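When you get a sec, could you build the whole thing from the sequences and use the hints?
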Amino acid sequence: MYWIAFGDIHEDLSTLSRIPGLAEARGVIVTGDMTNKGGAAEARRVIEAVRAANPNVLAQIGNMDTAAAHDYLVAEGLNIHLETRELAPGLGLMGVGFSNPTPFGTPSEAGEEQLEVWLDQTFERARAFERVVAVVHAPPLNTKADRLGSGVSVGSAAVRRFLDRAQPEVCLTGHIHESRAEDRLGRTLVLNPGMLALGGYVRLDYEDGRLSARLLSVD
Numbered sequence: 093m094y095w096i097a098f099g100d101i102h103e104d105l106s107t108l109s110r111i112p113g114l115a116e117a118r119g120v121i122v123t124g125d126m127t128n129k130g131g132a133a134e135a136r137r138v139i140e141a142v143r144a145a146n147p148n149v150l151a152q153i154g155n156m157d158t159a160a161a162h163d164y165l166v167a168e169g170l171n172i173h174l175e176t177r178e179l180a181p182g183l184g185l186m187g188v189g190f191s192n193p194t195p196f197g198t199p200s201e202a203g204e205e206q207l208e209v210w211l212d213q214t215f216e217r218a219r220a221f222e223r224v225v226a227v228v229h230a231p232p233l234n235t236k237a238d239r240l241g242s243g244v245s246v247g248s249a250a251v252r253r254f255l256d257r258a259q260p261e262v263c264l265t266g267h268i269h270e271s272r273a274e275d276r277l278g279r280t281l282v283l284n285p286g287m288l289a290l291g292g293y294v295r296l297d298y299e300d301g302r303l304s305a306r307l308l309s310v311d
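Per the working numbering, residue 93 is the first one in the sequence shown, and the count goes up by one each step.
Quick caveat, the hints were computed from the structure, so don't treat them as lab data.
Treat the hints loosely; a few may be bogus.
Pair by pair, the computed Cβ-Cβ distance ranges are [unchecked claim]: (1) R257 / A167: 28 to 38 Å; (2) L240 / V310: 16 to 26 Å; (3) G243 / E222: 30 to 40 Å; (4) L290 / R143: 20 to 30 Å; (5) A167 / G197: 21 to 31 Å; (6) E116 / G301: 14 to 24 Å; (7) V310 / D212: 31 to 41 Å.
All of these numbers come straight from a predicted model, not from anything done at the bench.
Note that beta-carbon positions come from the ideal geometry of N, C-alpha and C, so glycine has one too.
What follows is the structure, given as structure tokens:
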């Protein structure tokens, strides 16, 4: 069984139909930034398009989505921000959306202390699973996944500390569009597929208790 994950959609779904095996996947995981400061209506348009390709969707807001977008996901039963979900026996997912503070005052930002509390509290519930996929919109600081085009790292120190100590098997992240990359922090594989419009996505495979994740791109 496998899942497809992507984020940083920003209301541009032009590459969605080109993702191989999307309809056949067990489900789709949206890691954040569905919209451009959009609310429920904008989030609904994005999610309905994804649901048309695959009806099993889990999602959370990123820093560019508003509280109304979060409320829409909650009402639809899709939200993973501060939630855990069982993907398969022994395999769990935990989600933390928002981002660390940016220079742009985007709608859903949180301080590093708040992010750390959210991560720790959510992981406490995820410990019930043998293997954990952490879906965290903000990438960990000082990794290949958090670099601007200039090379400056702008990720979250809280996310980095959390991954260093908790060591989930996979961390799916995003936020920094130009930092499409794979990195590793101990046993944790960190994957940032970049902006969906540029074709990046992740495929998670789980067979016989073994979890693997690959960073891929549409043709």
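I'd like to know which numbered hints this structure contradicts. Please list them from smallest to largest.
none
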